[in-house]
Amino acid sequence: MKAHIKNPYNIKITACTITKNEEKTIARSINSYKKYVDEIIIVDTGSTDNTVKIAKSLGAKIINFKWCNDFAAAKNAGLDAATGDWIIFLDADEYFADDTCKKVRAVIAEAIRQNKNAVGCRMENYDQDTGVNLVEGFSVRIFEKGTRYRYPVHEEIYNPKGVNVLTVGKSYFYLKHSGYSSKIIAKKCKRNLDIMLKELDELSDERRRIIYYSYISDSYFGINKLNEAIKYAKMYLEGSKEKNIRILGCELRPYMNIIQGMETLKEDPEKIVPYATEFLETFPDSPEAHFEAGRSYRRMFMFNAALDELNKAVEMAKNYSGVYVDTVDAKKASVYNECGMCCEALHNPVKAMDYYYKAYNEGNDYQSALFNLIRLVRNMPAEEVDSFIRSLYAGVSQKKHLAVLAALMTHYMVPQIIECYAAYRMDKKDDPINGEVTAFVMAGKGNFKSAAEMFLLSYKVSKSKNTLARCLICAVLSNDSEAIEEIRKDCSKPRLFMFGLADKKPQLKNKDLYDIATLLAECRNMGQADFAMQRLEAMAEQLSGKELLRLSRFLADTFFFEAALYAARYADLSAKAIFMQGYCLYNLHRYNEAIDLLLLARHLHLEPSYINDIYNRIKAIKESAPVDKPNDLSALKTLITQEIESGNIEKAVMDIEEYKELAEPDADIYAAEASAMYYICEYKRAAVAVQCGLLKDDKNVDLLYNAGCIFEKLGNKKRATSMYKKALKYCTDAELTTEIEQMIKAL
Numbered sequence: 001m002k003a004h005i006k007n008p009y010n011i012k013i014t015a016c017t018i019t020k021n022e023e024k025t026i027a028r029s030i031n032s033y034k035k036y037v038d039e040i041i042i043v044d045t046g047s048t049d050n051t052v053k054i055a056k057s058l059g060a061k062i063i064n065f066k067w068c069n070d071f072a073a074a075k076n077a078g079l080d081a082a083t084g085d086w087i088i089f090l091d092a093d094e095y096f097a098d099d100t101c102k103k104v105r106a107v108i109a110e111a112i113r114q115n116k117n118a119v120g121c122r123m124e125n126y127d128q129d130t131g132v133n134l135v136e137g138f139s140v141r142i143f144e145k146g147t148r149y150r151y152p153v154h155e156e157i158y159n160p161k162g163v164n165v166l167t168v169g170k171s172y173f174y175l176k177h178s179g180y181s182s183k184i185i186a187k188k189c190k191r192n193l194d195i196m197l198k199e200l201d202e203l204s205d206e207r208r209r210i211i212y213y214s215y216i217s218d219s220y221f222g223i224n225k226l227n228e229a230i231k232y233a234k235m236y237l238e239g240s241k242e243k244n245i246r247i248l249g250c251e252l253r254p255y256m257n258i259i260q261g262m263e264t265l266k267e268d269p270e271k272i273v274p275y276a277t278e279f280l281e282t283f284p285d286s287p288e289a290h291f292e293a294g295r296s297y298r299r300m301f302m303f304n305a306a307l308d309e310l311n312k313a314v315e316m317a318k319n320y321s322g323v324y325v326d327t328v329d330a331k332k333a334s335v336y337n338e339c340g341m342c343c344e345a346l347h348n349p350v351k352a353m354d355y356y357y358k359a360y361n362e363g364n365d366y367q368s369a370l371f372n373l374i375r376l377v378r379n380m381p382a383e384e385v386d387s388f389i390r391s392l393y394a395g396v397s398q399k400k401h402l403a404v405l406a407a408l409m410t411h412y413m414v415p416q417i418i419e420c421y422a423a424y425r426m427d428k429k430d431d432p433i434n435g436e437v438t439a440f441v442m443a444g445k446g447n448f449k450s451a452a453e454m455f456l457l458s459y460k461v462s463k464s465k466n467t468l469a470r471c472l473i474c475a476v477l478s479n480d481s482e483a484i485e486e487i488r489k490d491c492s493k494p495r496l497f498m499f500g501l502a503d504k505k506p507q508l509k510n511k512d513l514y515d516i517a518t519l520l521a522e523c524r525n526m527g528q529a530d531f532a533m534q535r536l537e538a539m540a541e542q543l544s545g546k547e548l549l550r551l552s553r554f555l556a557d558t559f560f561f562e563a564a565l566y567a568a569r570y571a572d573l574s575a576k577a578i579f580m581q582g583y584c585l586y587n588l589h590r591y592n593e594a595i596d597l598l599l600l601a602r603h604l605h606l607e608p609s610y611i612n613d614i615y616n617r618i619k620a621i622k623e624s625a626p627v628d629k630p631n632d633l634s635a636l637k638t639l640i641t642q643e644i645e646s647g648n649i650e651k652a653v654m655d656i657e658e659y660k661e662l663a664e665p666d667a668d669i670y671a672a673e674a675s676a677m678y679y680i681c682e683y684k685r686a687a688v689a690v691q692c693g694l695l696k697d698d699k700n701v702d703l704l705y706n707a708g709c710i711f712e713k714l715g716n717k718k719r720a721t722s723m724y725k726k727a728l729k730y731c732t733d734a735e736l737t738t739e740i741e742q743m744i745k746a747l
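Mapping of the sequence shown onto UniProt numbering: residues 1 to 747, in sequence order.
Calculated directly from the structure, the hints in this document are not laboratory data.
The reader is advised that the hints may include incorrect statements.
As the list claims (entries may be wrong) - Label pairs and their in silico Cβ distance ranges:
no., residue 1, residue 2, range
1, Glu-362, Glu-238, 19 to 25 Å
2, Val-461, Gln-367, 17 to 23 Å
3, Val-461, Ala-109, 55 to 61 Å
4, Lys-243, Pro-274, 18 to 24 Å
5, Asp-201, Asn-311, 45 to 51 Å
6, Ile-184, Val-461, 46 to 52 Å
7, Ala-109, Lys-24, 30 to 36 Å
8, Gly-446, Asp-285, 27 to 33 Å
9, Ser-574, Glu-383, 45 to 51 Å
10, Asn-133, Leu-58, 24 to 30 Å
By construction, the Cβ of each residue, glycine as well, lies at the ideal position given by its N, Cα and C atoms.
Given only the sequences and the hints, what does the whole structure look like? Please build it.
Written out as structure tokens, the structure reads:
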């Protein structure tokens, strides 16, 4: 094809593409560069549709190539036929955006001037089904003649003289890639994985083997085999560090696969943070690294540091033109939602709502932010909630309204929502209300049997795990044995265990505990918090300390702090479990208790990074709004002592809670609490109370003696002996001294 554009360096440009059944995209690709190149070559590998016909009509030369599972071989066939001095090599679903190819000759001229033999630019990858931009990366698609491709899959360019790339920003030109729908990605990943795993067995090139680890990780990630994705990403990082290997534009993916994979599998945050920190230190110019660091820091309760990193990620992504992959601009809704959760954790609800609104408006039906918004407003006066509901419906898109309703139903079941929704549908002349909406209405009215029936009908159509969960909740609440039996086969063993429907406790992975936490939170959302607590108490007897601690963290993530506190109290006596108790009490606005537990966690050598943000926030809250204390609480303290001595433990516990609300508990109050908990066999809670008391007064004989008794009951003889000996050191009562000596001798 003859060029109509003046060629400043008298260079000829050939555009190449390999195809197979690309009739839907090939014309768009060719038309994006047709006016600016001298030759178009299509290497067709066996199309049975109109691809070849369309390409010919646009002036392309067709090269027929028998497919041999080798992308490099097919592309090199195009290079063999090309007569251009420079090559543009695009996939059929890639194209120059916004007529930016008009600048390609000027860019090539600049590359020649700088003695470069390749050009790299930004590429936006979007979901062709939704049009949503998913990820932006860096690609080299333009290079000098003499450059070749190598390797069957994830092929790369090479040149005997070396590849020297000129990087250009989006102000010059950029590409778009439409091959990013979930179905297409999974299919491509499976195809690539089969080729790479087969080749890996025969690969002698150690450099390529290490690079393949990264690509294999990507493919496993794309088909949701996360453990394998994490394994190969770690293998790549280890090998690339040792051999100093880089994959231009793709160096971030292994870190992202590890961090996101571990997060999806609900691994402990302590295991994820080292990778997030290394990611940030290695790629400080990447918005993605700041985003992952921010998310990881939030899960480690480092809320201020998380906010800093998340906001940096957004700012850096605005005009990012580097060589690294970037998804931050495409997922600002997620970033803003994370920021909102940080602000909420720091008890700044106004700022949190601002971020949640941003996330909801940015995210095209971003339900997590909507749930968080509703949770914040549900305790407002009724008229304010009504106004909020109507503002959400005002102007809501047809696509969004069912998600809005589902969120409102789940978190705020009141008649006003139904009225507002009915008016909305009449105004929009929408279809009749569907079964799941009816199920929410029934559940909101407490008619759980009818709700279970409607959720079941909806589940049979949608096969949604969330719908199945709601069906199970309503069936259990209504004792609907028929519905339970019908859905039992579709329910996981952990879900059945949570509802007391399993024959025995199953093995529970972290993701199972997370699922249990979300089910308990869903019960709470449906107005059944008491039922959720009953199920938690029943399960707690069968869960290990580690399982309870993990469950506590997951429950805190759902903002079900009453349940999270219960799980943490019965977990173990580790610093992390004690911190979780303090964190939950802080979120329940029980600051006097919370601050002592945070101090105890610090005393037990928990890393300060866990504690500092919450501790400082409590101090600031107490200083800005000091509680008016009664002049004298001695009468209440005396009453508590009398109640414990008379065996009225339940009343004593209530009065201790009242005292803590009125004033910071002192050593005597903690001693009383430890005694009360001891008498009702709550030894772990007694141990926490006695340790908090000893932070206030480490020479208090009552506390030291109680501590010895408590740790003896817990089977920690070494700790018990230590406490008894300290009590003996400070004891001035002859009778008690004799008793303590006998205790030590018995141990």
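Evaluation of the provided hints:
1. For Glu-362 paired with Glu-238, a C-beta distance near 37 Å fails the hint of 19 to 25 Å.
2. Remark: the range hint 17 to 23 Å for Val-461 to Gln-367 is upheld by a beta-carbon distance near 20 Å.
3. Hint check: Val-461 to Ala-109, Cβ distance near 59 Å, so the stated range 55 to 61 Å holds.
4. Distance hint check: the CB atoms of Lys-243 and Pro-274 are about 22 Å apart, consistent with the given range 18 to 24 Å.
5. The supplied range of 45 to 51 Å is met by Asp-201 and Asn-311, whose beta-carbon atoms lie about 47 Å from each other.
6. At about 25 Å, the CB distance of Ile-184 to Val-461 disagrees with the hint of 46 to 52 Å.
7. For Ala-109 and Lys-24, the Cβ-Cβ distance of about 34 Å falls inside the hinted range of 30 to 36 Å, so the restraint holds.
8. About 56 Å separates the C-beta atoms of Gly-446 and Asp-285, a value inconsistent with the hinted range of 27 to 33 Å.
9. Remark: the range hint 45 to 51 Å for Ser-574 to Glu-383 is upheld by a beta-carbon distance near 46 Å.
10. A beta carbon spacing of about 27 Å between Asn-133 and Leu-58 agrees with the range 24 to 30 Å that was offered as a hint.
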